[in-house]
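Heads up: the sequence lines are chains A and B, in that order. Using our numbering, count along the first sequence one by one with no gaps and you end on 465. Using our numbering, count along the second sequence one by one with no gaps and you end on 465.
Calculated from the structure, these hints are not laboratory results. Warning: the hint list may mix true and false statements.
[Claimed, not checked] Taking lysine-lysine pairs in the BS3-like style, the calculated list, with each CA pair at most 30 Å apart, reads:
1) Lys372/A with Lys409/A
2) Lys372/B with Lys372/A
3) Lys36/A with Lys372/B
[As the list claims (entries may be wrong)] Residues on chain A that point at chain B, a partial pick, calculated with CB under 10 Å:
4) Asp30
5) Pro201
6) Glu223
7) Arg224
Here a beta-carbon is modelled for each residue, glycine too, at the ideal position from N, C-alpha and C.
Protein chains: 2
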Amino acid sequence: MSYFDVASSAPLHPVARQALVAALDEGWADPARLYKEGRRARLLLDASREAAAEAVGCRPDELVFTSSGTRAVHSGIAGALAGRRRVGRHLVVSAVEHSSVLHSAAAHEGAGGTVSEVGVDRAGAVSPEGFAAALREDTALACLQSANHEVGTEQPVAAVAEACRAAGVPLLVDAAQSLPWGAVDGDWSLLAASSHKWGGPAGVGLLVVRKGVRFAARAPVDERESGRASGFENIPAIVAAAAALRAVRAEAAGEAGRLRELTDRIRARVPELVPDVEVVGDPVRRLPHLLTFSCLYVDGETVLHELDRAGFSVSSGSSCTSSTLTPSHVLKAMGVVSEGNVRVSLPLGAEEAEVERFLDVLPGVVRGVREKLGVPVAGEDGGEGGEAESVTVDALGMSCPMPVIELAKAIGRVRVGGTVTVLADDEVAAVDIPAWCWTQQQEYVGHSTSEAADQGVAYVVRRTS
Amino acid sequence: MSYFDVASSAPLHPVARQALVAALDEGWADPARLYKEGRRARLLLDASREAAAEAVGCRPDELVFTSSGTRAVHSGIAGALAGRRRVGRHLVVSAVEHSSVLHSAAAHEGAGGTVSEVGVDRAGAVSPEGFAAALREDTALACLQSANHEVGTEQPVAAVAEACRAAGVPLLVDAAQSLPWGAVDGDWSLLAASSHKWGGPAGVGLLVVRKGVRFAARAPVDERESGRASGFENIPAIVAAAAALRAVRAEAAGEAGRLRELTDRIRARVPELVPDVEVVGDPVRRLPHLLTFSCLYVDGETVLHELDRAGFSVSSGSSCTSSTLTPSHVLKAMGVVSEGNVRVSLPLGAEEAEVERFLDVLPGVVRGVREKLGVPVAGEDGGEGGEAESVTVDALGMSCPMPVIELAKAIGRVRVGGTVTVLADDEVAAVDIPAWCWTQQQEYVGHSTSEAADQGVAYVVRRTS
Chain A
1 MSYFDVASSA
11 PLHPVARQAL
21 VAALDEGWAD
31 PARLYKEGRR
41 ARLLLDASRE
51 AAAEAVGCRP
61 DELVFTSSGT
71 RAVHSGIAGA
81 LAGRRRVGRH
91 LVVSAVEHSS
101 VLHSAAAHEG
111 AGGTVSEVGV
121 DRAGAVSPEG
131 FAAALREDTA
141 LACLQSANHE
151 VGTEQPVAAV
161 AEACRAAGVP
171 LLVDAAQSLP
181 WGAVDGDWSL
191 LAASSHKWGG
201 PAGVGLLVVR
211 KGVRFAARAP
221 VDERESGRAS
231 GFENIPAIVA
241 AAAALRAVRA
251 EAAGEAGRLR
261 ELTDRIRARV
271 PELVPDVEVV
281 GDPVRRLPHL
291 LTFSCLYVDG
301 ETVLHELDRA
311 GFSVSSGSSC
321 TSSTLTPSHV
331 LKAMGVVSEG
341 NVRVSLPLGA
351 EEAEVERFLD
361 VLPGVVRGVR
371 EKLGVPVAGE
381 DGGEGGEAES
391 VTVDALGMSC
401 PMPVIELAKA
411 IGRVRVGGTV
421 TVLADDEVAA
431 VDIPAWCWTQ
441 QQEYVGHSTS
451 EAADQGVAYV
461 VRRTS
Chain B
1 MSYFDVASSA
11 PLHPVARQAL
21 VAALDEGWAD
31 PARLYKEGRR
41 ARLLLDASRE
51 AAAEAVGCRP
61 DELVFTSSGT
71 RAVHSGIAGA
81 LAGRRRVGRH
91 LVVSAVEHSS
101 VLHSAAAHEG
111 AGGTVSEVGV
121 DRAGAVSPEG
131 FAAALREDTA
141 LACLQSANHE
151 VGTEQPVAAV
161 AEACRAAGVP
171 LLVDAAQSLP
181 WGAVDGDWSL
191 LAASSHKWGG
201 PAGVGLLVVR
211 KGVRFAARAP
221 VDERESGRAS
231 GFENIPAIVA
241 AAAALRAVRA
251 EAAGEAGRLR
261 ELTDRIRARV
271 PELVPDVEVV
281 GDPVRRLPHL
291 LTFSCLYVDG
301 ETVLHELDRA
311 GFSVSSGSSC
321 TSSTLTPSHV
331 LKAMGVVSEG
341 NVRVSLPLGA
351 EEAEVERFLD
361 VLPGVVRGVR
371 EKLGVPVAGE
381 DGGEGGEAES
391 VTVDALGMSC
401 PMPVIELAKA
411 IGRVRVGGTV
421 TVLADDEVAA
431 VDIPAWCWTQ
441 QQEYVGHSTS
451 EAADQGVAYV
461 VRRTS
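Sequences are here, hints too, so could you generate the full structure?
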């Protein structure tokens with residue numbers, strides 16, 4: 001088996017495992033107690049905090065351990081918003097943040113706050129200018145990830161942090177994906193991260209709040225972790241998390257170069273090996289180990305299933321997977337194809353041979369899925385012979401990727417300059433039909449909603465070649 | 001070393017350790033993913049949920065794993081209150097709940113809700129009638145622990161649950177201390193517990209919400225654990241927690257009898273061995289492994305320190321310990337002495353010889369602390385010779401246990417029927433002077449606050465013997 005999904009969760013690093021097992025015997029007592037076992041637990045907790053702070057690049061008293069990265073994000077956002085409530089209740093986030101940030105934003109809106117989402121370019125990055133423009137007099141907090149979890153694109157954190165400083169707005173950085181690779185540059189105010197993403201155990205997150213940042217932890221709280229993370233400290237896991245972060249950092253320099261070569265290879269080879277593929281995310285400013293591509297005319301779930309059968313564990317931002325019913329908000333914000341989406345995130349130590357085997361297997365997997373769905377083979381769709389001025393395709397009741405497949409079949413039936421209208425009620429079509437036009441260099445004219453509710457949406461595409 | 005503080009945190013049970021180490025290799029992946037590693041993690045999670053549900057006595061789909069017992073309490077209370085917001089915003093709790101419940105209650109009050117605290121008797125128990133009387137038309141939720149964490153007294157949960165059912169109010173039971181010993185009786189609606197209290201790892205709590213109970217998880221939430229506990233599931237720890245609960249339950253029947261004998265022995269012997277001691281908590285309706293006593297005229301921190309030096313790890317609800325500045329709210333609500341408080345909670349497998357050694361060591365420890373503080377030796381206080389009608393003692397600026405020591409010295413100087421007035425500004429005196437009167441069978445007349453702020457409070461005691 002080749003596990004290529006460390007962006008979801010990394011296997012436990014051997015150093016973490018060793019530290020965890022050792023700390024089970026030393027770190028189970030209450031660090032607030034005065035007796036020997038408590039003092040021993042306190043020492044472990046303090047040492048872990050120092051190690052983690054050093055890796056983050058902050059003071060130990062600025063860092064608390066939370067029960068997960070999600071909790072760090074939720075608590076960080078809630079505490080920073082509450083701390084600056086007198087300034088206002090406006091929150092700025094990028095459109096491609098992790099769901100934990102967007103859930104916090106939705107909760108803030110539900111409680112009467114306001115939220116601005118800053119859009120991204122087709123590579124998935126915000127522009128510092130665009131981000132700065134969203135900051136207002138009443139902005140209490142801004143949030144930006146260090147690198148995107150689905151496509152790997154690095155965000156211009158340092159420039160955005162500078163703009164936030166200039167506006168007097170604290171910036172919270174979700175560093176979950178990038179922290180194993182290095183400290184986050186720039187003058188940020190808060191930072192959140194998650195241990196199981198870097199090879200530490202689950203159950204540990206980091207929340208850093210720089211000195212001087214106004215912060216009011218959301219009640220109820222207790223006396224643990226400076227009142228910022230309630231509940232009994234999970235010290236063995238914290239010890240393991242800190243040890244893993246140090247170990248991973250020590251390996252990062254060498255592995256970053258090696259994995260970047262492997263992911264560059266996949267990025268280059270996949271479009272050569274598989275027709276109608278879009279590789280997404282910034283080709284250069286990106287995480288070293290992660291890449292994402294979308295295969296037109298296939299559904300993500302079947303691709304994942306077939307790759308799993310072939311021994312590869314990857315994930316997908318497509319809508320057609322068991323745990324999500326809507327396509328990835330990241331791909332949607334980027335305006336790229338979401339169907340047949342495959343994210344590959346290589347673990348430390350991933351071998352070249354595994355990557356080569358993946359490149360051997362992938363074309364057959366995609367071909368097989370397309371054949372089952374009756375997708376016309378590229379170049380054999382009779383595209384040259386179209387004569388109709390316009391064609392309407394009824395894809396009502398069909399779900400991703402069928403509306404796009406119907407569109408691809410129909411485009412060859414109209415003359416160059418003619419239009420295809422696709423009637424579809426699958427909401428993914430709103431993302432994938434324009435994205436298909438972009439990849440196929442056809443013109444997306446627009447869409448209109450029918451008066452009859454059961455007629456779905458009409459998407460109009462003009463054949464340009 | 002004898003670790004006698006499992007009520008704070010139990011050492012990891014060998015079964016938990018084994019399960020945890022095994023699950024590190026099998027349970028690190030995301031259980032929401034479709035590939036092999038994810039399916040394996042999901043299987044472990046499902047099996048753990050079933051095992052835990054069986055031990056609790058609920059359906060697996062009623063139980064979610066949280067990141068701590070504190071989190072289970074916080075989320076359970078917030079969710080139940082939100083779910084019944086249309087009924088009203090009144091919350092009923094006992095006065096001796098764990099701080100996590102009281103913190104939730106304070107947060108609820110801070111957000112505009114109302115809270116009633118139900119008092120307890122001198123043994124620490126609520127009465128079902130008293131609890132029922134606190135339920136109102138607008139009561140959204142009631143909370144009662146199954147057994148008290150500081151004195152071990154069991155609460156009449158089944159009777160209170162019945163009263164709550166009759167009033168249409170859901171009852172949340174904090175079962176943190178009793179769950180290792182057995183399922184909670186009665187028709188409760190919600191239940192919270194904590195793995196590290198039963199020998200499982202830290203980082204795992206249980207929240208049970210019975211079918212039909214209105215519940216609205218507090219935002220932000222994600223799709224994990226039925227939307228009731230956000231953040232990546234800590235599956236290795238969950239597996240270990242469930243395994244430990246089963247293992248502990250298998251041992252509980254035998255150990256309960258054995259440990260009850262040992263704690264009965266301590267309860268009986270300590271007052272024989274140490275003068276001026278009050279053993280607190282219900283002598284019969286109590287947890288088998290836990291007992292608490294208070295030693296007059298000593299401070300808790302010094303006693304803990306000396307016991308630690310002698311090889312015993314215990315805890316204290318006294319005010320004079322490093323992590324708390326106020327005396328235990330439990331002891332205060334019971335109206336018992338809080339100074340020199342010692343809680344002993346025996347681990348599974350605690351040996352008789354350890355207990356005997358504790359009984360050997362304790363008298364000398366208490367005597368030593370009293371000597372340092374200049375406490376009159378019992379029977380040598382010249383109590384027979386008092387002639388004054390009234391004496392005023394200035395204990396301003398003195399902290400626990402000094403005001404009570406000054407009172408004890410002075411009582412012998414007045415005639416029977418005469419009064420001692422103690423001026424004190426340590427707030428603990430308000431608890432300990434009346435409690436001292438009760439244990440010494442003297443009459444507590446009352447207290448009055450001086451007009452001059454710096455004169456503290458005047459406590460008046462009448463000598464009756």
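Verification of the hints:
1. Lys372/A with Lys409/A: holds (15 Å)
2. Lys372/B with Lys372/A: violated (88 Å)
3. Lys36/A with Lys372/B: Holds. Lys36/A to Lys372/B sits at ~24 Å (cutoff 30 Å).
4. Asp30: Holds, because the Cβ-Cβ distance from Asp30/A to chain B comes to roughly 4 Å (cut-off 10 Å).
5. Pro201: holds (7 Å)
6. Glu223: holds (7 Å)
7. Arg224: holds (8 Å)
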